[in-house]
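Q: Given next are the chains, with one letter for each unit.
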Amino acid sequence: MRARALFLLAFLAHAAQAQLDTTTIELDVLRAPASPASVLLGVAESDIQRPSDLTSFMVSLRQATSDLSQLPKNYAIDLAPAWLLGAHNSAIDMLGIDADGTEKPVNVGTTIWQSLVISSAVKDPDAVEGTTADPSAGFGFKFSLVRGGVTAASRNSLIKVRTALRNYNYALHDTVRVVIADDPMLKEISAAMDSVKLTINRTDSALDRADLTENDRIHLETLRTTLAALKVSYARQKADRAAALSVPVSADASLFAEELSAMKMAAEKFKVERKGFFWDLAGGLVLDFRDRRLDNSTITSAGVWTTLSWETDEHVSFQLLGRYLLNPGSVFMGEADSLETQDIRTMDGGTRLTFDPPEGRFTFSGEALYRTVLDMDGIEPTWRVVANTQYATGSNDLLTFSFGRNFDGTLTKDGNLIAALSFLVGLGGKRKL
Amino acid sequence: MAIEPQSPVHGIFIVTKPASRVKLEITIGRAGEEGDTAVSLGSTDFGNHANTFTLDLGKATDIDGSLLHTTTTIQDLATDHNDLLYKIKLTAGPDTFYEKREKTMPNHGDGISIMAFITIITT
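Same order as they appear, the protein sequences are chains C and W. The opening residue of the first sequence carries number 1 in my numbering; numbering runs sequentially from there. The opening residue of the second sequence carries number 1 in my numbering; numbering runs sequentially from there.
Don't read these hints as lab results, they were simulated from the structure. The beta-carbon is built from N, C-alpha and C at its ideal position, and this holds for glycine as well. One or more hints might be untrue.
[Claimed, not checked] Here are some chain C residues pointing at chain W (derived, C-beta under 8 Å): (1) P105; (2) L165; (3) A191; (4) L227; (5) A228; (6) K238; (7) A242; (8) L260; (9) L398.
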């Protein structure tokens with residue numbers, strides 16, 4: 001019985017890739033992962049490709065496939081279709097904020113589309129010397145059903161960015177416009193244009209007169225063609241001359257030093273934060289290709305995650321998390337110390353409450369985790385509850401206190417009570433521990 | 001932070017259907033950037049417009065010979081890439097004028113400015 005439980009827990013730890021150490025379990029392992037396929041397949045976060053446009057996607061794909069000549073090995077990629085394909089949409093538009101910073105209502109479909117991430121990963125152990133395991137491929141998705149609202153601070157930050165950008169652009173435009181309006185050559189060209197237009201109008205009027213001879217008509221038609229060509233020529237000169245005048249003015253940054261400084265400050269402070277209710281969903285599965293054949297695949301792992309959370313402006317965050325994992329055909333040590341094979345389904349649930357003001361001395365977090373193995377008699381559900389508090393007694397001193405019930409890997413220490421009081425003193429310069 | 005001027009867009013837009021309406025479309029990309037465009041046509045000021053937009057400049061015969069002047073500034077605000085894209089398109093009936101500029105910025109927060117000078121004439 002004990003061996004069976006140990007195998008199961010080790011298996012869960014492997015499947016979740018969450019480093020489920022018995023004493024340092026963190027509830028964040030249940031949070032819907034950003035890249036479900038990579039999590040299920042055990043690909044490092046730093047190895048995941050995240051192309052932001054089609055060009056970089058193709059570059060990534062060609063590198064992974066040796067210019068499309070072979071299947072990729074140990075490759076993971078996350079694709080956000082709304083961002084990949086919506087090159088014309090600015091981030092601000094996709095945030096659902098009007099030009100004046102007010103929030104526009106966003107329906108669920110838009111939220112799902114804009115937050116959708118499709119992840120896929122390929123892992124070929126043969127690429128590592130000395131192994132013969134079958135290659136695996138993972139596919140997953142993640143999206144938000146609800147994603148809170150943009151904070152007032154973020155909206156104000158956006159308004160400042162837009163105002164600074166508009167002021168600079170208007171100053172640049174107006175300066176060039178004045179230069180162009182005062183240029184004598186352009187004035188001459190404009191006068192010529194007006195003259196040409198007048199002549200063409202007179203020609204058109206003349207053509208309408210009934211007493212013109214055929215020769216007169218041919219002559220006027222020739223004149224009109226010539227004038228049209230002149231009109232095109234003048235139009236081009238006008239545009240070319242204006243462009244030439246604009247270059248030195250637009251390149252002179254000293255003319256717009258004040259506006260540029262305002263733009264810099266606004267850009268540095270710009271960030272987007274959301275508060276309120278969030279609901280994320282994610283799912284994924286892993287396929288193993290036996291004997292390295294594409295037509296002989298089997299599902300070795302699948303999972304669904306959900307995260308509901310509420311974050312307030314007072315820096316209080318409450319989360320509810322759930323995870324369902326399916327591992328078909330898992331091999332483990334049975335009751336009679338014999339190897340058994342069975343589909344293992346596990347359900348994890350948890351909740352967390354945190355209070356972490358950026359300027360405050362006191363922080364608190366509490367969390368509870370419940371874990372159960374479905375369809376397996378004799379495996380009791382287990383749970384863990386822990387609360388942590390910290391108080392910054394000085395600029396470089398931290399008093400911490402934790403209290404809770406922990407579950408460990410052996411499942412033998414039920415009701416184990418952990419209490420700890422630590423006082424940390426930092427040496428050296430002042431900094432937050 | 002710097003705003004780097006790009007080579008201006010300049011030319012003529014010949015409208016073969018004088019009765020058609022001239023429409024200006026400016027596209028800002030890629031996803032995650034912020035743009036602002038000031039538009040004037042001759043002595044008429046069409047104001048500033050944020051990001052991607054479309055504007056009706058009027059009937060071709062009414063604006064014949066006028067110089068369209070636009071100034072667009074795009075600022076790199078996206079954290080995941082620094083690619084800036086600008087497209088300008090004029091349409092009137094079957095006629096189209098189109099140009100684009102692309103630039104990858106070395107520093108986050110930098111930007112580009114592009115001016116367009118296009119004279120509109122009817123034939």
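Q: For the hint on L260 of chain C, just tell me whether its beta-carbon gets within less than 8 Å of chain W.
A: This hint holds: L260 of chain C lies near chain W, its Cβ roughly 7 Å from the closest one there, short of 8 Å.
Q: Next item in the hint list is L227 of chain C. Is there a CB on chain W closer than 8 Å to its CB?
A: With a closest approach of 11 Å, the L227 of chain C hint is violated.
Q: Would the stated hint for L398 of chain C survive a check requiring a Cβ distance to chain W of less than 8 Å?
A: violated (31 Å)
Q: Holds or violated: A242 of chain C as interface residue toward chain W, Cβ cutoff 8 Å?
A: holds (4 Å)
Q: Does the interface hint hold: is P105 of chain C within less than 8 Å of chain W, judged Cβ to Cβ?
A: violated (19 Å)
Q: Answer holds if the nearest beta-carbon of chain W is closer than 8 Å to that of L165 of chain C; otherwise answer violated.
A: Holds. Min distance 5 Å.
Q: Does the nearest C-beta of chain W fall within a distance shorter than 8 Å of the C-beta of A191 of chain C?
A: Violated, about 11 Å.
Q: Identify whether the interface hint at K238 of chain C stands, where standing means a beta carbon of chain W within less than 8 Å of its own.
A: Holds - the Cβ of K238 of chain C comes within 8 Å of chain W, reaching about 5 Å at its closest.
Q: Does the interface hint hold: is A228 of chain C within less than 8 Å of chain W, judged Cβ to Cβ?
A: holds (6 Å)
In this structure, the hints that do not hold are numbers 1, 3, 4 and 9, in rising order.
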